[in-house]
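Trainee: Chain residues, written in single-letter form:
2 protein chains.
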Amino acid sequence: MADKSAQVQSISDAFRVRPEDFDLAEVDPGATPVGPRSKREAAADMAVIGQELDRLQEALYAEGTGGGVRRVLLVLQGMDTSGKGGTIRHVAGLVNPQGLRIASFKKPTRTELRHDFLWRVRRQVPQPGYIGVFDRSHYEDVLVARVDNLVPSTEWRRRYRQINAFEAELAEQGVTTVKCFLHISPERQRERLIARLEDPLKHWKYNPGDLEVRAKFSRYQLAYHDALVKCSTPVAPWYAVPSDRKWYRNWVVAQLLLEALRDLAPEYPQPSYDPAVELARLQEADPLR
Amino acid sequence: MADKSAQVQSISDAFRVRPEDFDLAEVDPGATPVGPRSKREAAADMAVIGQELDRLQEALYAEGTGGGVRRVLLVLQGMDTSGKGGTIRHVAGLVNPQGLRIASFKKPTRTELRHDFLWRVRRQVPQPGYIGVFDRSHYEDVLVARVDNLVPSTEWRRRYRQINAFEAELAEQGVTTVKCFLHISPERQRERLIARLEDPLKHWKYNPGDLEVRAKFSRYQLAYHDALVKCSTPVAPWYAVPSDRKWYRNWVVAQLLLEALRDLAPEYPQPSYDPAVELARLQEADPLR
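Protein chains in written order, with the working numbering: chain W, 2 to 290; chain Z, 2 to 290.
Derived from the structure by calculation, the hints contain no laboratory data. Treat the hints with care, since some could be wrong.
Unchecked claim - Partial pick of chain Z residues on the chain W-facing surface, computed with a CB cut under 10 Å:
1. A63
2. T66
3. I89
4. A93
5. G94
6. N97
7. I103
8. P272
9. P276
As the list claims (entries may be wrong) - Cross-link-like lysine to any residue pairs, in silico, SDA-like; alpha carbons within 25 Å at most:
10. W:K107 with Z:G69
11. W:K107 with W:D149
12. Z:K107 with W:K107
Beta carbons: idealized from backbone N, C-alpha and C, even for Gly.
Bound conformation, chain W alone (with noise of 0.2 Å):
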C-alpha cells in the first residue's frame, strides 16, 4: 500500500474498500501508509482536525435546526481490543457531544430477536443536524451470525442485499454513513488481551469468551472481507483502516469523518426572520429593560 501513497488524493481514498480488488488478507493491519510517521505529529495532527471538526460539526447543527437533513453516521467494527472504544474516546471526543449521539449494539435482546435485524438499527439513525456512532452495528448480522452459525446461511446470505438497501435509504435521507473497519492482526489481538488480564484495572474489559471468539479469527477476518466486499457501495464505502498502532488508528478516523464532513460542507441555514427588525425588538420595546 505504502507505494500508492504518492498518488493517494485523499485519506478516504487510500482506505477506501474497493470491491473490485479488494482482498482483507493484504491489507497491513501494522501500516501507516499516508499522513503522520510518528504518534507526536498525529497528536499535532488531531489538535488542528479538532477545530475544524468542530466548525464543521457546528455549522452541520445550524443547518439542521434550519430545516436540513444531513447527517453523518459513523459506524465502528472490529475485533475485540481493536479499539471501538478508544476510537470514540478520542475521534468522537474531539466533537461537541451536544451534536453527537452515540448507540452501542450489543448481544440482542429477546424483543429485539422478536424484529428483524434491522429494527433495532433503525432507532438509532441519528437525526438532522447530528453525528452519529455506531459502536457495533448491523454488521453484526452478518459476523458473528454467520461465524457461530446463529441464522442459517440463507438468512445471513440475504442480509447483505437488505443492508445495502437499508443504507441506499439511509444515503436517500440525508445521512453520510462512514464505515470503518479497525484491523487488528492476531499479535496485537494477543498483546492486548495480556495487557487487559495483567491490569487489575483492565480486568473488566476481558471476558473468558473472548479467547473462544479468538479462536475464530480467521473465520472472522473471511466474514469481514466478504462484508467489506458486498457492502461498500458508493454512498456507504467501507475503510480498512489500519488499527495496530491506536495512534494512526485514531488519526486515519479523525481524518475520514472530517473528509466527510468537508464533502458535505454544512450551510448556516437563512434566518427566516429579519435580524434587524428583531434587535429593534430588543432594543426599543423590551419589557424587561
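Fit chain Z to the supplied structure of chain W, relying on the hints for placement.
Mentor: Here is chain Z on its own, set in the frame of chain W:
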C-alpha cells in the same frame, strides 16, 4: 449567599435548594460565592476536575459491565441563553463520550403527546454505568406547560408529585439525579440575545418566539421557583447555579457532577474469572500463536 461560604462543606451544600427556606428571587445569578475567583482559575480547576471525572466515570462504566445498576443523570434546565448547550459542551465534554448519553427534549411530538408526560422521559433514562444528560426535561411540563396554559392547572399541579414519585423510583433503581437550574438575569439574557442577533454565525440560535418567552420572564421565574421548591428532594435535589458568568456556571456544574460521582464511589467489579488461568490459556494454548 457569600457570607455563608465559610461554613460551606461542598459545592452541593452551597447550591442545593432547601425547600424550607429557598427563595429564587434572592439568588444572585451573578454571584460567585465559592470556588474560583476568575475565569483563569476556573480553567485550571476544570482540567483537574476532568481528570478525576474521567477516572470515576470509567469505574462507573466498569461497575455497570459487572452487573452494577448505578448511573448518574444530570438534568439541565434554564431560560433561553442560560447556557444549557454551553454546559454540555464544556462539562459533558470533559468525560468519555462512550459512557455518556445525552437526550434533548424539544416541543413534544404528536406521538409523545398521546402518552403520559413522563413516557418520553423514561425512555431516555441512562442505562447502568452511564452518565446521562438531559437538555431540558420533564420539568418543561411544569414550566412552559404552566406559563402557557398548555394544560389545566389541576393537571400541572398534580405533576410535581408525579415527578417526585418518578425520581424516587429512579433513585431506587440506582440513578443518582443531579438537577441544575442555570439561573441568569434578564439583563444578561438581553445581552446574549443581542449577541446572537449581531453575529450571523449565531442567527440560527435565535427565533422570534424567544422574545415572547422573554416577555414572560417573571412568570417563568415563579414557575421555576415552585418547581425547585416542590421537587428538590433528598434523593433528587435541585441546585440553583448562578449562570451569568459562563466560566462559573461550567465550573459549578462540573463540580456538582464530580461530587455526585465521588459520593457514589463506583468500584471496578471483581472479575468473574481467574486472570491467572486466562493468562495461562492465552500463553500456552493460544491457537493463533
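Trainee: Look at each hint and say if it fits the structure.
Mentor: Now the hints, each set against the structure:
no., hint, verdict
1, A63, "holds (4 Å)"
2, T66, "holds (5 Å)"
3, I89, "holds (4 Å)"
4, A93, "holds (5 Å)"
5, G94, "holds (6 Å)"
6, N97, "holds (5 Å)"
7, I103, "holds (6 Å)"
8, P272, "holds (4 Å)"
9, P276, "holds (5 Å)"
10, W:K107 with Z:G69, "holds (17 Å)"
11, W:K107 with W:D149, "holds (15 Å)"
12, Z:K107 with W:K107, "violated (28 Å)"
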